[in-house]
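**Student:** The whole structure should be built from the sequences, with the hints applied where relevant.
Residues per chain are reported as follows:
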Amino acid sequence: MQRRRSLPDVLAGGIFVLIGGVFVVGALGYDRGTPLRMGPGYFPLMVGAIVAVLGLAIIVKGLVAGEVIPSEAVPWRAVVLIVLAVVFFGFFIGSLGFVPTSAVTALLTTLASRRVRLLTALAVSAGLTVAATLIFVVGLQLRIPLWGPGFVF
Amino acid sequence: MDLFDNLVLGFSTALLVQNVLYCFVGVLLGTAVGVLPGIGPTATVAMLLPITFNFEPVTALIMLAGIYYGAQYGGSTTAILINLPGESSAAVTALDGHEMARQGRAGPALAAAAIGSFIAGTVATVVLAVAAPPLAAVALKFGPADYFALVLFGLIVSIALARGSALKALAMIALGILLGTVGQDIYTGTPRFVLGQRELYGGIDFVSVAVGMFGIAEILRNLENERDRPSVLDRVTSLWPTREDRRRIVGPIARGTGLGAALGVLPGGGHVLASFTSYAVEKRISKRRSEFGHGAIEGVAGPESANNAAAQTSFIPLLTLGLPAHPVMALMVGAFIVHGITPGPNVITDEPALVWGLIASMWIGNVLLVLLNLPLIGIWVRMLRIPYQVLFPMIVLFAVIGTYSLGSNEYDVYAIAFFGILGYVLIKCGCEPAPLLLGFVLGPLLEENLRRALIISRGDATVFLTRPISATLLALTVAALAIAAFPAIRKRREVVFAEED
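So the sequences go chain by chain: D and X.
Counting in the working numbering, the first sequence runs from 1 upward without gaps.
Counting in the working numbering, the second sequence runs from 1001 upward without gaps.
Rather than coming from a laboratory, the hints here were simulated on the basis of the structure.
Where hints are given, some of them may not hold.
Chain X residues, not near chain D, derived (Cβ > 12 Å throughout) [stated by the list, open to error]:
#1 Lys1168
#2 Lys1283
#3 Pro1468
Rough simulated footprint, nothing fancy, chain X against chain D, three-plus residues with beta-carbon under 8 Å [unchecked claim]:
#4 26-38
#5 47-58
#6 78-88
#7 114-120
We put the CB at the ideal spot given by N, CA and C, even for glycine.
**Tutor:** Given below as structure tokens:
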């Protein structure tokens, strides 16, 4: 393993510092209490500080003697489409109902692959919607309406 | 003898029709996800967890456990046939197993893996049955300070075992603990970090974290580089190993079982460590060292036995202490809690039918697995031809539906997307997701016991050092941290893992 300056290390460290920092700032707003009777803010403050310090250590190490991590290009199309598909599901399941929401989510996800053709994608998502309906609604009797109130033909 | 009565109770529970059925479903699914590269047992269990909420608790746990140890079996099939480990612990099986397959000896390699796994699984379940009750009895003497030290010890040991940078693993654990503090404070009820959203009062759902980090992030990793799967060796002939083979696998299976049973108890992927260690041991003591890497059957039988033994004994900390040793176990803690059972030393006395039913089901599961894996090998080979373009949308869709059905809470679904992206970025930066999930599940336990211990000791922090159990565990924690941090020892650790490359 080669050791040199490493961007991923710095990025990872940055994320830890950021999240740790946000929690520290948030925890300052809660009652800290005393060690005897800790308030809700005590533990998150401590752990948040630990995360931030470890993040700083990772950044420093990344600048001096980082890990070289083999990396491939980010599949932006997949990132965008899959996030979109998941968020769509959460946002519309209440209003559109099970079948339409699942179908759109499945289609968006299927298109995340760069190698899929539209016709194949449509067929796969139709198949998955039927399968999901059979498994979850018919088989496991989840109480989600098949067609929601917001869905109009 | 109690053990006998317990086992009778266990088998009378495990042999109920629905339990055998769901044990079968569990090992079948486990084998499937073990065989298929790109989907692991953690994501599968997370996805199916919501479904099991309608079951009896024991049925639910039997099925989830079946998925976990079934995946250890299935992972070897892919490793041997197409040199792609379906599960991380099968990476070492690929070394000699695939080489055997290329020499036309795929049958004996698969048989050695299955026989080794069966023997190891059966023996390790005995270890589990014998070791669990006394350990639970000891654990009942634990006070909050001891529990705090134990949880901390478990978390730190899991870094010593994880691959990659120890510093990053430590940070991932701490981040997991931090994310676990979201939601209402246990003592005062104050909502913390909820951004004013009522839906977050109950905290972040750990199913969302698991599905995001292990499901979505893994899919994004796989979509970075869409390649055709390496072609499958299509014919598997003459499964039965020759007499020479049978003679050669006896020792490795026995040693692998022992190693696996011992190492499986360790938190954080003891089964991966077990298979690597077993391979290293077999290579060292073999008279035919030069054959290793070129199709030595010992290199298949040993590690496969080890990882399967470890898969069974990793239930020991879960059933006796309520501590998960693996992300899948962390999900099972969730399954316990949903069914109103607090995992811990009391479970074994309060819910004997559940614990012994689960243990007994593992024997049944192991028998089912041999039947599934040897005669039906052709079906699994055919399953490898399912294109990933169909597989990954199925994972995403089923994951969001399953997660949503938990509490009809759309925030749980948004959390999947959030943790999918966070997990993807962190994995790309060389951080492993497993420590984060362990930290997330154990974090609340850590906080609760820390605060309770200090209330009992009236704010005297030395309580952690004056209680012998707690002091011993903390000393061990420091030692584990030292092992993870010191370069000289780390180097040895890297040597063990380097075999994989």
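**Student:** If you test the structure against every hint from before, which numbers come out violated?
**Tutor:** 1
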